[in-house]
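**Q** Note that the protein sequences, when read in sequence, are chains W and U. The opening position of the first sequence corresponds to residue 1 in UniProt numbering, with each subsequent residue numbered one higher. The opening position of the second sequence corresponds to residue 1 in UniProt numbering, with each subsequent residue numbered one higher.
Worth flagging that the hints you see were computed from the coordinates, not collected in a lab. None of the hints are false.
Mimicking SDA-like on lysine to any residue, the simulated pairs with C-alpha atoms at most 20 Å apart in a straight line are: (1) W/LYS85 <-> U/HIS302; (2) U/LYS256 <-> W/LEU63; (3) W/LYS79 <-> U/SER305; (4) W/LYS38 <-> U/ASP263; (5) W/LYS66 <-> U/LEU312; (6) W/LYS85 <-> U/GLY347; (7) W/LYS66 <-> U/ILE260; (8) W/LYS66 <-> U/TYR315; (9) W/LYS66 <-> U/ARG259; (10) W/LYS85 <-> U/CYS353; (11) W/LYS79 <-> U/SER303; (12) W/LYS66 <-> U/ASP263; (13) W/LYS85 <-> U/SER303.
The following residues of chain U were derived to be distant from chain W, with all beta-carbon distances above 10 Å: (14) LYS256; (15) GLY354; (16) ASP478; (17) GLN527; (18) SER560.
A short list of chain U residues far from chain W (calculated; beta carbon distances all over 12 Å): (19) GLU55; (20) ASN164; (21) ASN180; (22) PRO182; (23) ASP187; (24) CYS204; (25) ARG241; (26) HIS255; (27) GLY279; (28) LEU358; (29) ASP433; (30) GLN448; (31) SER480; (32) LEU561; (33) HIS568; (34) ARG573.
Each residue gets a CB set at the ideal place from its N, CA and C atoms; glycine is no exception.
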Amino acid sequence: MGITSRTENQGRTIFINVTERFDFNQHAVFRKLLNDAKDGCEFVVDLTAAEYMDSSALGLLLLLRKKAGNNRVELRYVKPSAIEKVVSASNFSRLFDCKAVSPL
Amino acid sequence: MSDQCNTDGSLNLVFKPVSRRLALVVDDEPINCVIMQSILEKMGFETAIAHDGYEAIEAFELLAPDFVFMDVIMPHMDGREAARCIKSMTSGRFTPIVFLTALDDPEEVHACIEAGGDDYLSKPVDPRLLRTRIYSLERIRSLYQKLSRQHDELLFKIAEEQENEALANRVFLHAVSAHNEPISGLDSYSRPASCFSGDLVLSCRLGQGGIRVMLGDFTGHGLAAAIGALPTSELFHAMTRQGRSIPELLTELNHKLCRILPDDRFMAAVLIDIDPVKGEFCYWSGGMPPFVYKSKDQLIYHSSSGLPLGILENYDFVSEVGSGRLTDIERILLMSDGLLDVRNQEGATFSSCGFKDLMDSWASNDGFFSALDERLDQHCQNRLPDDDVTLVSIDLEKALAVLNVSSDQSADLSPEPEGWEWALASGGGYLLDHSEVITALTDTKYLQDWPAEQAERLQTLFGELYNNAIEHGLFGLDSSLKSTPDGFHLYYEKRQALFDDPPPGQIRIQMTFLPRQQGGCLRLVVQDPGKGYDLTRLSELEQHDDPSRFWGRGMQLVRSLADNLIIHPPGNRVEAELRW
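From just these sequences and the hints, can you work out the full model?
**A** So, in structure tokens, the structure goes:
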């Protein structure tokens, strides 16, 4: 439930897995994650199991992007899905490395 | 006071005299009172005594004790009744009532607890058991106090939040909304998720007679959203008044929002310019749902292609601005994503449950906003939406019925660099008087270098053609009515009534001026929505030159004033030329 994360590559790649609703309630977890992350690490955010995402979640993704600097922030989500709609409506695919996967 | 029960080490720490002030002992047997007093005082309590329920209530009111030890069976008022009263007096704080019962009867214990007792002890009271009960109840009380304190803090926070929202609302109303010019035909609908909505509607007339409308959607609500709304509104109005283009405005807005908003905040927005002179609209949209326009009987959805504002510092807006022709477009609808995402109790979004029907009602322009309100009520069932719902509907005919002045050196119509073209559409519920049109034209200073007699000639000529267009083309009045003095009066009464509440339709006026080395040439075109003149009848009339007749003089005057006059069949478009 919520957010889980793991690191690889001596902490340089952080995998974040978001399930169910992705919104402002995840702020605290995200902040901790960002504080713990090294500058210039890369992120892979797996939203394939998320069901809902709002604009404050987009804001959290922007924080990740800033932390990553010029490094990769990859978003994974199911296409078509509610998440994919939000990502494409906001045109965030231009900011993130987006990997749309087909539903199982 | 000293704690004398420190033989039991585990309870020693909790028995601090500071939290133990006054115990009320209620018993009709004086000997029992004395025993309890002695035990409690050893534990650090001060004590007070009451002998029946009435005295207990009185003492409770007067002394506000921290504990009550209550006998059950007493004269006048028994312990259970007294406990009920005391509990009803102590909302907001926790004062434990411990019943002291002679019987260990489960029924009686049940009745005591039901009456509001927090615990019970059998008589004779065992001091060790009493101590344990007090310890346990004090623990509950401290938990209760903590909860109650947190509850108060929460209430305070909520009040503070409400105050913040009210402040945001005030800021929004005075500093943001107040700057919006009223534009007829522009209606907006808003159902905020909180007091200040993160949604923002800005509108302004463009220098050249068109309009600019923006719908923004900030992440967040309340003050956090209002922070960005203020500079956004200021920039929007200032730059629009300066005649700055969409990309110029967006670049500034984006720059400003990047600097002032926290990294995780931004503003999705759709911005649209409507330019009736060029007959086109320009738009940019970032992170918003599609905007919709109605063209003929089709609804056309324009998806958003840009990123929201306040994210990327260097952003090329020029390449993202789109445009389209206004021909055949009746109405344009902008919306924030709140509408599509409103959920009902089952969690289904509005976009999946009623959006299409709603758009059909918008297309037929049939009480759209009240229909929207009803549908949302039905959908939400009194719940507030998660996000703000905002829509802006622009009725182009109404919105553009007011002056559309162009100083463009429009390439196809006035190739001379010094020339000008001036166009206007009047009508659609907002009909202008001919003097208002002339005033507007003279205000532009276009005529300031003209010889006075030429300016007067234009005014007269224009007045005739424009009034003809209104009276015959738009109102359908019959001039022959003016053949008697009473009829003349009736004609103008009718005209006045129709002027105040004009029928639909527009009168289009276009003036193109080409300066010559000396003097110049002005072409005036007036077009009305009517069926046209009966051209043969008109020429017949002009043969019979009776200066005393009440009607039919207008066209004659026009002919005499104009250097060239063309009436385009069927007669609803007249072109006149002035040269000097």
